[in-house]
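Undergrad: Sequences and hints are given; from them, build the entire structure.
For the record, the sequence lines run as chains A, B and C. Once you know that position 81 of the first sequence is 64 in my numbering, the rest is easy, because the numbers rise by one and skip nothing. The number in my numbering is simply the position in the second sequence, starting from 1, with 9 added. The number in my numbering is simply the position in the third sequence, starting from 1, with 1 added.
These aren't lab readings, by the way, just hints derived from the structure by calculation. Predicted, not measured: the structure shown is a model, and the values here were computed from it.
Below, a list of computed lysine-lysine pairs in the PhoX-like style, where the Cα atoms sit at most 25 Å apart:
(1) B:489 / A:88
(2) A:58 / B:297
(3) B:393 / B:489
(4) A:88 / B:393
(5) B:489 / C:258
(6) A:16 / A:228
(7) A:113 / B:393
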Amino acid sequence: MNDMSVSRDVDTGEIKMRARGVEVFYGDTHAIKSVDVDIEDKTVTAFIGPSGCGKSTFLRCLNRMNDTIDVARVKGEITLDGEDIYDPKVDPVQLRAKVGMVFQKPNPFPKSIYDNVAYGPRIHGLSTSKGELDEIVEKSLRRAALWDEAKDRLQEPGTGLSGGQQQRLCIARAVATNPEVLLMDEPCSALDPIATAQVEELIDELRTRYSVVIVTHSMQQAARVSQKTAFFHLGELVEYGETGKIFTNPDDSRTESYITGRIG
Amino acid sequence: MPLLWTVSIILALGVVGYVMGRKRAVATAGGNARILHSLPGYYGTNVAIITIVPALLVMAVWLIIQPILVETRVTEMIPASAIEEAGSRGLVMSDVRRVAGGLDTAIEQGALTEDEARSIRTEFTNVRDTLAGVGVALGSDVTPEVLSAAQRYRELSRSGNLFMTITLLTLAALGFLYSYARTNRDFRARNWVEASVLVILMLASTIAILTTVGIVLSMLWDSWNFFQLYPWQQFFFGLEWRPSFEGGSELGLIPLLWGTMYISLIALLVAVPVGLFAAVYMAEYASKRVRSFAKPLIEILAGIPTIVYGLFALITVGPMLRDYFAEPLGLGSSSSSVMTAGIVMGIMLIPFVSSLSDDIINAVPQSLRDGSYGLGATQSETVKQVILPAALPGIVGAILLAASRAIGETMIVVLGAGAAGRIDLNPFEAMTTVTVKIVGQLTGDTNFSSPEALVAFALGLTLFVITLGLNVLALYIVRKYREQYE
Amino acid sequence: MSVTTEGGAPEPRRTSLLELDARTRRRNRSEARFRAYGLAAVTVAVMALVLLLVSILSNGLSSFRQTFVSFPITLDADVLDPSGNRNPEEMQSVLTFSYGPLVQQAFVDHVAALGIETDLPASALGDMISDQAPAQLRAAVLSNPAMVGETIDLQLLANGRVDGVFKGRVTMESAERDALISPEQLILAEQLRAEGSIITRFNWDFITAPDASGQRPEAAGLGVAIMGSFYMMLVVLAFALPIGVAASIYLEEFAPKNRLTDLIEVNISNLAAVPSIVFGILGLAIFINFAGLPQSAPIVGGLVLTLMTLPTIIIATRASLRAVPPSIREAALGIGASKMQSVFHHVLPLAAPGILTGTIIGLAQALGETAPLLLIGMVAFVREYPAAPLDGLFDPASALPVQVYSWTQRSDPAFVERASGAIIVLLVFLIFMNAMAVLLRRRFERRW
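TA: What follows is the structure in structure tokens.
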């Protein structure tokens, strides 16, 4: 793992999102305990930890997806560009346009590939003409490295693509709304190794424009794609720092136990 | 009741068979039931089954076939002139049956002896009076042909019955002897019993097919008779519905179909938006508390019998629509109208549409909702642009099922729609439907040889074909949809 | 809002989250609208239910109370028992017709004795009492011949119109246009009520008495209809439950996957959606015209309803058989039980509560079904109670929902009240059955 950190270019950007004292309750369960984290712009941040540690839950706080779950309650402060996203004046709809999300299982809508990508721009009114929309769709598909495979079948259903293509379609769909932050919840867990490699490559590309936060259960993946890593355990943020450091010289003994495979 | 006696004897033989079969099995094992192949009870059951079941099956078949055979034999006796006089063969035969039944009653009550019944002639006895004396009223005097046919009918039936009793008892006795003789300790009684039970279970499941066949045959047969009396072109394309029992009826399907479709359309216009929006609200918006209270309430609507809706249309909705809409707008003064029936039927269909749609909306995977919310869509955008399109085939299926319900619904239209066949666009006008006319033509005293009564079967067949088509299509769509998410 | 820059490449927008842009506000409004439509739809559905129930209850509750006229009647021995020996058999020969004048005279005397002055002729006074009253009196006398010669106080049914006065159905204006009651009679009725000679009380006869002719709605009851419905439910239970369970066991546990099984499955799901009236045609053609069973008989109604209920029972039974986990079957098979034994000894008992629940719901459906019964002659006017089963199954009878229909077809508005009342009785039965089903499900529901 040491050799991996050598080639890593760690250009720390400005802080895009900041979380302070975030607590999440599911009914009576205390799922997240006082998490502080800074997410930097144009950086891939990985959340790792054993399953059930709260990393996905925390991710869903960042674009208020937890609002759609009745029993979930969020405390603490999360800001995007210095604005509190849990401020009562904030409309989660507007927030999610800025903080896009890609899910564990590829979930293309049962519509054509074109309509899948055009969905976000349409609801947010990002285009004024058909030509503009076409452009956005093409741009997004190119960014998701799907254009070459999909350009001849834009009107075919998105559900007809292979698993890896579906996930890249979902990424294209998220990119099309012009987000500033892209959240990815174990985006490769349902994919085969080749598709995983393609998506990981894509994530690295995306870093040039967006701040990417990725939840993964695979430490290798975190090491491969991220610049910053946060280790979660039992709802707590145990350690957060440069990926190279976390994997080679963690401060906390729990982190070390996890990356060496003793807990998890 | 000789038949009851026959059945009792067969059943008794079966019970005896059970006891004796069981005893014999244990005896062949030297009193040690453990060395038997099966439990002793199975040996008894085996004997009982083989004694009873074949005999009863033969009886059922016999009871169906004998009347048909007797009728054909007796029908041959009736001269063509008598048929012409009465109007049709069916009418003469129903007279024959009634006279034959009357003679039986007369003997039971002692008004006639068996010999007299066999030998009376219309020339010497007024049969109509005699039968009236024992409470059998006949519509007209009994002609010699009918009387002799009736006597022949009784004779054939009697000898048939006697022959049947003998056959059945012999069959039961043979079954008893055969299975009793086969009972020994190595006989695989359990396997035999279980195989028989399996056959019985299978027969039970074929009732569904028999019912369908029965429905189709009964309607085909009488529809065929109807089309012998009334040209099919005039039925299917006729624009007038004016039955008249003096003949010269006009029995056109189109006005009835128009009424049916118009009412169903209004019902769907009420039920689909309300049901669909209610389902969406329940599935996507309502808090647990609201759902736990509103959902059962809506489902109550589904459990209310249609006659209740019919009365609701008749005493509340009809007068209300007439007083507040039709009369002020100058659109009519009838409380039964297409609107009345349509609205009430729509209310009836709300829970039907909403519960089916609810199932279908809930079958849309959560991941699609998440995907949409994750892109910043509002709930209504998610519903309109992701969930409903994804659920569309299922919802179309649900709507088709609801349409089939609406078309086949009877009591609401009988009480709310009116009785006059009419093709009109004014929804406050009374119109009638296929189902109303089926009820109308078949209740009261009906003469099953007149086109006015038989038309009901042709209407029934039309209704059956339309609803069956809708159902098959709907079930196909719904099933295809389910597979998509499984 | 700059969406695209050169080359059409979308660039991140820099807008504050704390300010809603116009588009978001518009979207939120449409969201609120959509939500309101949903709420409105739920409200409409619930209001429809409420309106339906209120309409039925407000029209029908009064049918359980009936107006009676109470006055002393002298039972003239010369008229009622000409031979003078109080022998009920001989008194049978005095027809209801002879009781009429007696009732009328006693009423006229009573009005006079109360000191109420009226210009009405005796016959008009007599009309205020039900046509059923002489029959009521006759039944009372025949059951207790010793009363003859004495003066007794009896509560006799008031005429339907007089009854209507106290239920708000008949008013001064309507009486003026009505041939069957005059305003004077109405005034007299109010006076008699003030004197306590006319009372309105709970009327058991509405539930137990047979139907009455179109001229005497006040005497019409549901007795025959309830018995007919009950008999039909017996038939449905006796046929549909065993056949339905047997068919379900075969299809769920034994049926091989082949054409025949598919055909049966398709048939069952289609039969569940065939319009009920079609079953009526089937019943008429097969059971009555072909098999020669009697018209209006509960046995025929029961058989038709059996065929209609079977799909419901089969679907419910199969669902509850499927809910029994395969481990139970495997456990039984594992200790050497045959497949048949494992089904009958283990699976079926475990599925029984579900089967029972499904059966009750099927019966409730059958109880409310009307259309097919119209076709097999259950609309006939029947005043005789059917005999005890099994013979009674072949006697003519009515059925609750059909009785409602027959009453709606009569011209006297008093029958609307009666029809609504009959529906209340029907709904009470249905609520009872459904409550039982819910209770059963709660009590025995098992989660594996």
